[in-house]
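Line by line, the protein sequences are chains A and B.
Going letter by letter, the first sequence gives residues 1 to 252 in this note's numbering.
Going letter by letter, the second sequence gives residues 253 to 557 in this note's numbering.
These are calculated hints, taken from the structure and not from any lab test.
Incorrect hints may have been included.
[Claimed, not checked] Within a straight-line C-alpha distance of at most 20 Å, the following computed DMTMM-like cross-link-like pairs (lysine to aspartate or glutamate) qualify: (1) A:Lys62 <-> A:Glu30; (2) A:Lys100 <-> B:Glu365; (3) B:Lys457 <-> A:Asp144; (4) A:Lys62 <-> B:Glu453; (5) B:Lys457 <-> A:Glu82; (6) A:Lys31 <-> A:Glu80; (7) A:Lys25 <-> A:Asp10; (8) A:Lys18 <-> A:Asp224; (9) A:Lys25 <-> B:Glu442; (10) A:Lys100 <-> B:Asp438; (11) A:Lys62 <-> A:Asp10.
[Claimed, not checked] Quick look at which bits of chain A chain B covers, simulated, 3 or more residues with Cβ under 8 Å: (12) 58–72; (13) 108–120; (14) 131–138.
Glycine is no exception: its CB is placed at the ideal position from the N, C-alpha and C atoms.
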Amino acid sequence: MKHHAISVQDLNLYYGDKHALKDIKIDIEEKSVTALIGPSGCGKSTFLRTLNRMNDLISGVKISGVINVHDQNIYDNEVEVEMLRKQIGMVFQAPNPFPKSIYDNVAYGPRIHGMRNKNELDQIVEKSLRGAALWDEVKDRLKDRATGLSGGQQQRLCIARALAVEPEILLMDEPTSALDPISTAKIEELVQELKQNYTIVIVTHNMQQAARISDKTAFFLNGDLIEYNDTDTLFSNPEDQKTEDYITGRFG
Amino acid sequence: MSQSNRFKRKKTFRNTLEGMIPKILLACAFLSIITTFAIIFTLLSETVSFFQEVPFLSFITGTEWTALFSEAQQQFGILPLVAGTLLITVGAAIVAIPVGLASAIYLSEFAPERVRKVLKPVLEVLAGIPTIVYGYFAITVITPMLRFFMPELNFFNALSASIAVGIMIIPMIASLSEDAMRAVPDHIREAAYGLGSTRLEVALKIVLPAALSGVIASFVLALSRAIGETMIVTIAAGATPNLTANPTETVQTMTAFMVQAASGDISFQSIVYKSIYAVGMTLFVFTLVMNLMAQWIARRFREEY
Ligand SMILES: Nc1ncnc2c1ncn2[C@@H]1O[C@H](COP(=O)(O)OP(=O)(O)OP(=O)(O)O)[C@@H](O)[C@H]1O
Ligand SMILES: [Mg+2]
Chain A
1 MKHHAISVQD LNLYYGDKHA LKDIKIDIEE KSVTALIGPS GCGKSTFLRT
51 LNRMNDLISG VKISGVINVH DQNIYDNEVE VEMLRKQIGM VFQAPNPFPK
101 SIYDNVAYGP RIHGMRNKNE LDQIVEKSLR GAALWDEVKD RLKDRATGLS
151 GGQQQRLCIA RALAVEPEIL LMDEPTSALD PISTAKIEEL VQELKQNYTI
201 VIVTHNMQQA ARISDKTAFF LNGDLIEYND TDTLFSNPED QKTEDYITGR
251 FG
Chain B
253 MSQSNRFKRK KTFRNTLEGM IPKILLACAF LSIITTFAII FTLLSETVSF
303 FQEVPFLSFI TGTEWTALFS EAQQQFGILP LVAGTLLITV GAAIVAIPVG
353 LASAIYLSEF APERVRKVLK PVLEVLAGIP TIVYGYFAIT VITPMLRFFM
403 PELNFFNALS ASIAVGIMII PMIASLSEDA MRAVPDHIRE AAYGLGSTRL
453 EVALKIVLPA ALSGVIASFV LALSRAIGET MIVTIAAGAT PNLTANPTET
503 VQTMTAFMVQ AASGDISFQS IVYKSIYAVG MTLFVFTLVM NLMAQWIARR
553 FREEY
């Protein structure tokens, strides 16, 4: 039995009057891949963003409930969001590199968290880019603009950038939806490697992808968590009729 | 009507208008180009005839500007006017760049939407205040306040005028820089927040560099206005050409001289009249160099998103 990296209880979220997450209760296992699936607008991104408090940035959001990471409620008043987000990194749907060099993109995180030493920075940049399977492609042009990379390379750069601050948990919101099949395959492979050291929560619209890469899968619908189970079980033998309808493509 | 003529162009009003529009637009564009050339031509020809009487070298290295004295005592050394202009412009930059940039950062990255909705139009109204108002503001408010701390300060002084010019261009810097910063896409900010950045770090390390070319453009536009500003300096800085770097003294800028000379009683053939154009040409060179420098800086540091 693995440890719980994240434990969510009675989570409710409102955008103004809209009840976007309803009484969510879920435990996410350490060093595993958890996939979030469900039709568009069901609250997958919203849920993912509650895990590192990115929703704090949106005005008019009300959140109640408890999210424990290492037995500490991240919505406690004394939590410093910046430290939390350092621990819980995020990769977004569309690649969003900074308009800086490849090197500066990866070094940005360590720098804001106080690293100044050039040697150490060089090492972190190399390690992170290797970790994101991008090093060989960019090692000779670290000073080039990141925006000149291909979409798939940019997304792996964003992963490297997230790895550079050494998070424990990595949140990925449809990281391959803007990519071609080859880049997608690379990132899926990467996720498999990363799970040895990181806890990964990944949103995906692609059910084959969820089945391929995740250990557990959570199915959301209209802000409810309908079913959460081992990926194999959920796809082969869903308990809820709604899950079965969704994964067999009958709606959504 | 035969079938084969179905798509033949007919002489409708719509088609005629469509054919004429590019010509009308071209004519309009031409008008402004011609005007520009006409201005440069006049400027050049009067400047050339000025330099037939005054050696170029003594103009650009001379330390006395006494154009309005009697002919025997006339000296045309531009340096005092350049010094006056630079003193005002540098002073205005010292006032306006930090305040304008800070306002832009606040409005773009920190202000709640409600506050921004009120402040932004206010800034734009401020930018429309006639400069003569700032001139009187300088001598009725700023100068007396400065003299409270510095009793020996001249009544007409570069300091007061440069502060007023600085205040005048703050809204321009704030508003244009804010536009440039707001144009930076949100997904880049999200990436930075996701790595654990504070608001200030996002503003200074991500948004500002990404918006740098627009921000620098705002500085240049604003400082070009400061260099060319006439009313405020005529009212508050005095009318004594003075080669000095001391802002508490009375100075005269290039534009202030041009106004003073043009409003005096001078003949079209006189050398004073021609000197107005030579000073105007110098001013033109100044703003041109500034624009070129700004373009270079903007290109050098551009971060494209
Ligand atoms: N900033 C916001 N303000 C108001 N409502 C929002 C906001 N963001 C999301 N919503 C609403 O909350 C619900 C959940 O949105 P969310 O983005 O989490 O869906 P999703 O499952 O990620 O969908 P998709 O698969 O299309 O990305 C939707 O009904 C959406 O309209
Ligand atoms: Mg989403």
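*Coverage of the region 131–138 of chain A by chain B (three or more Cβ within 8 Å)*: With 0 residues close enough to chain B, the hint is violated.
*asked:* Lys62 (chain A) and Asp10 (chain A) were given as a pair; does the straight-line alpha-carbon distance stay at or below 20 Å?
replied: Holds, because 13 Å separates the two Cα atoms, which is no more than 20 Å.
*asked:* Between the alpha carbons of Lys62 (chain A) and Glu30 (chain A), is the straight-line distance 20 Å or under?
replied: At roughly 28 Å apart (the allowed maximum being 20 Å), Glu30 (chain A) and Lys62 (chain A) break the hint.
*Holds or violated: are the alpha carbons of Lys457 (chain B) and Glu82 (chain A) at most 20 Å from each other?*
Given that 20 Å is the threshold and the Cα spacing comes to 15 Å, the pair holds.
*Agreement of Lys100 (chain A) and Glu365 (chain B) with the hint, judged by alpha carbon distance not exceeding 20 Å*: 28 Å, violated
*Could you grab the alpha-carbon distance between Lys62 (chain A) and Glu453 (chain B) and see if it respects the 20 Å cut-off?*
Distance of about 26 Å is beyond 20 Å: violated.
*Is the straight-line distance between the alpha-carbon of Lys18 (chain A) and that of Asp224 (chain A) 20 Å or less?*
Holds, at about 13 Å.
_Assertion that chain B covers the region 108–120 of chain A - criterion: three or more residues, beta-carbon distance below 8 Å_ = Coverage by chain B holds for the region 108–120 of chain A (4 residues, Cβ < 8 Å).
*Assess, step by step, whether the Cα of Lys100 (chain A) is no farther than 20 Å from the Cα of Asp438 (chain B), and give holds or violated.*
Holds - the C-alpha atoms of Asp438 (chain B) and Lys100 (chain A) are around 16 Å apart, at most 20 Å.
*How does the coverage statement for the region 58–72 of chain A fare against chain B, requiring three or more residues with Cβ below 8 Å from a Cβ of that chain?*
Since 1 is below three, the answer is violated.
*asked:* Checking one constraint from the list: CA of Lys457 (chain B) to CA of Asp144 (chain A), max 20 Å. Satisfied?
replied: 18 Å, holds
_Please verify whether Lys25 (chain A) and Asp10 (chain A) have alpha carbons no more than 20 Å apart._
Within the cut-off at roughly 6 Å; holds.
Against the hints set out earlier in the document, violations occur for numbers 1, 2, 4, 6, 9, 12, 14.
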